[in-house]
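Novice: Build out the structure end to end from the sequences listed, making use of the hints.
Protein sequences appear in the order of chains A and B. Under the numbering used here, the first residue of the first sequence is numbered 1, with each subsequent residue one higher. Under the numbering used here, the first residue of the second sequence is numbered 1, with each subsequent residue one higher.
Quick caveat, the hints were computed from the structure, so don't treat them as lab data. Some clues are possibly wrong.
Identical copies carry no separate label here, and so any pair may be met within one copy or between two of them.
Subject to a maximum C-alpha distance of 30 angstroms in a straight line, what follows is the list of computed DSS-like cross-link-like pairs (lysine-lysine) [said to hold, decoys possible]: (1) LYS308 x LYS3; (2) LYS235 x LYS163; (3) LYS226 x LYS122; (4) LYS163 x LYS308.
Small disclaimer: the values here were computed from a predicted structure and weren't measured.
Protein chains: 2
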Amino acid sequence: MMKTTITTLFNTQYPVVQGGMIWVSGWRLASAVSNAGGLGLIGAGSMYPEVLREHIQKCKKATDKPFGVNVPMLYPDIEQIMDIIVEEGVKIVFTSAGNPKTWTQFLKAKGITVVHVVSSVKFALKAEAAGVDAVVCEGFEAGGHNGREETTTFTLIPMVKEKVRIPVIAAGGIGSGRGMLAAMVLGADGVQIGSRFAATEESSAHANFKQTIVDVKDGDTHLTLKELAPVRLVKNKFYQQVEELYQNNPTIEDLKELLGRARAKRGMFEGDLADGELEIGQIAGIIHEIKPAKTVLKDIITEYNAVKESL
Amino acid sequence: MMKTTITTLFNTQYPVVQGGMIWVSGWRLASAVSNAGGLGLIGAGSMYPEVLREHIQKCKKATDKPFGVNVPMLYPDIEQIMDIIVEEGVKIVFTSAGNPKTWTQFLKAKGITVVHVVSSVKFALKAEAAGVDAVVCEGFEAGGHNGREETTTFTLIPMVKEKVRIPVIAAGGIGSGRGMLAAMVLGADGVQIGSRFAATEESSAHANFKQTIVDVKDGDTHLTLKELAPVRLVKNKFYQQVEELYQNNPTIEDLKELLGRARAKRGMFEGDLADGELEIGQIAGIIHEIKPAKTVLKDIITEYNAVKESL
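Specialist: So this is what it looks like as structure tokens:
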């Protein structure tokens, strides 16, 4: 048991949230993390509304512990998604990619705890003003979509903590007990962990993608496609094509055309390592094996306690 | 007193190194940091050889504590610089921007402790193989020149620590006792601090530049000029000109022409905030006042101990 404002807010054993990643975080991963004492999140960003409903229902059957749903607000069926979340009695929602004003009061009025993902002090303050219960502050090293300011976890956490009063969850670069403790030392009240949970047995990622997380070393990922929405990707064949296109001064339309549709699904869910989009964080360099989610969380907490004791 | 492999290596009271920054780190700053119990570094990168000799001589008079010199190895007068370092009896040299093989054995043969600055695991291993005594691992958030891999401090430190046996000094994003402790938790044996020491009374930076460090907020710096040598700059008028040039698919020659000569001197030493190059790290967002170097170090150690106790 470890008490922080985040364990109190979510009623979890540990202040550890599993990132609600597209194509990776279904009910199996979310319920495994929640059952192990963290907060599991279902990633709605890659689900049709009725698919999300099915995942929520299965998650409720698989755990009696708190879990949540991560919702990118740019989602086309956003209204339907929010209605399903309310109908199914989800108690915790993480919102991202959009204005926190749009949905926070709607969700709060239904008794739902709302957390918003930000990558700068400015948006942390906006989220606080919109009435969210906590913010996830995600640094430049995180996999997938990322902030335009390119502020790293090491500097973002203390800068946000100086300005906001609500609890802060650090994200980006955290994959071990040392990382968790370092984030707490910098001022975080809890942590969100993505890549490390993507490489678990319960993750719905394709086996090829999980193995790529294990194989990736430092310098193997890069933040690109900044003119669309900045995203950290593995430097695979698709990434090389993007870089080649950049040599020819592309328009935004050129970039959109190359990106096409369903690249992320192709890479992370279907396992096409050459032509798919592979969203992995820099910390994958210290991820060396695929483990059950419960073991991941247990190892993190064990290391956290051991390093803390050693100080 | 705080004992780590770094305090033993340098024979200092604290495992804190002041970054050897161009135009900022003369004998006044270096001796003030050394007298306060850290390791002060003279930044040779902006000094003609005889100017460096003068700074070393003045530093020896101003402190009887250990101090060192930081030498970017691409320096045109590098042989003269190394001869002066040996002649003046400097005991500690930090090398950067070049191959650690070139000078390490020469310096070691003279009894000099050698530390090399790297930004990736690959170069940390090369430095270790070249026989250096320690590495500085500098993350993406650091001000000034920076690695091509864009690996952040939060992820670089644990990735390097897994692979090398020599002591690791964390740099980039550290400006407080919390930051120092977080770096040590991630596995660092010591820390190097730049921007925070640039905004001290003893720094030779122009008053305008010092005030800019105090004024800068999150998102106000950016890593640019990657085709020449990646450098983190404040987004001032000169930076805007660079960004405008990028809209026109510039050649490397175009970029070199815009950069011209002595931009860094103009900005940081002469205080031209519009047309100068202003090298500042992301952590400047938590730097709010210009203080004596001794106070900076004392405040960092006090906070470090307080946060450690509170865990």
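Novice: So, for every hint listed, does it hold in this structure?
Specialist: Now the hints, each set against the structure:
Taking the shortest alpha-carbon separations for LYS308 and LYS3, both the intra-copy value of 15 angstroms and the inter-copy value of 17 angstroms come in at or below 30 angstroms. Taking the shortest alpha-carbon separations for LYS235 and LYS163, only the inter-copy value of 22 angstroms comes in at or below 30 angstroms, while the best intra-copy value is 36 angstroms. Taking identical chains as interchangeable, the C-alpha atoms of LYS226 and LYS122 lie at most 30 angstroms apart whether they share a chain (19 angstroms) or sit on different chains (27 angstroms). Proximity of LYS163 and LYS308 under a CA criterion of 30 angstroms is satisfied in both settings, with 27 angstroms inside one chain copy and 23 angstroms between copies.
Every hint, counting from the list given before, is met by this structure.
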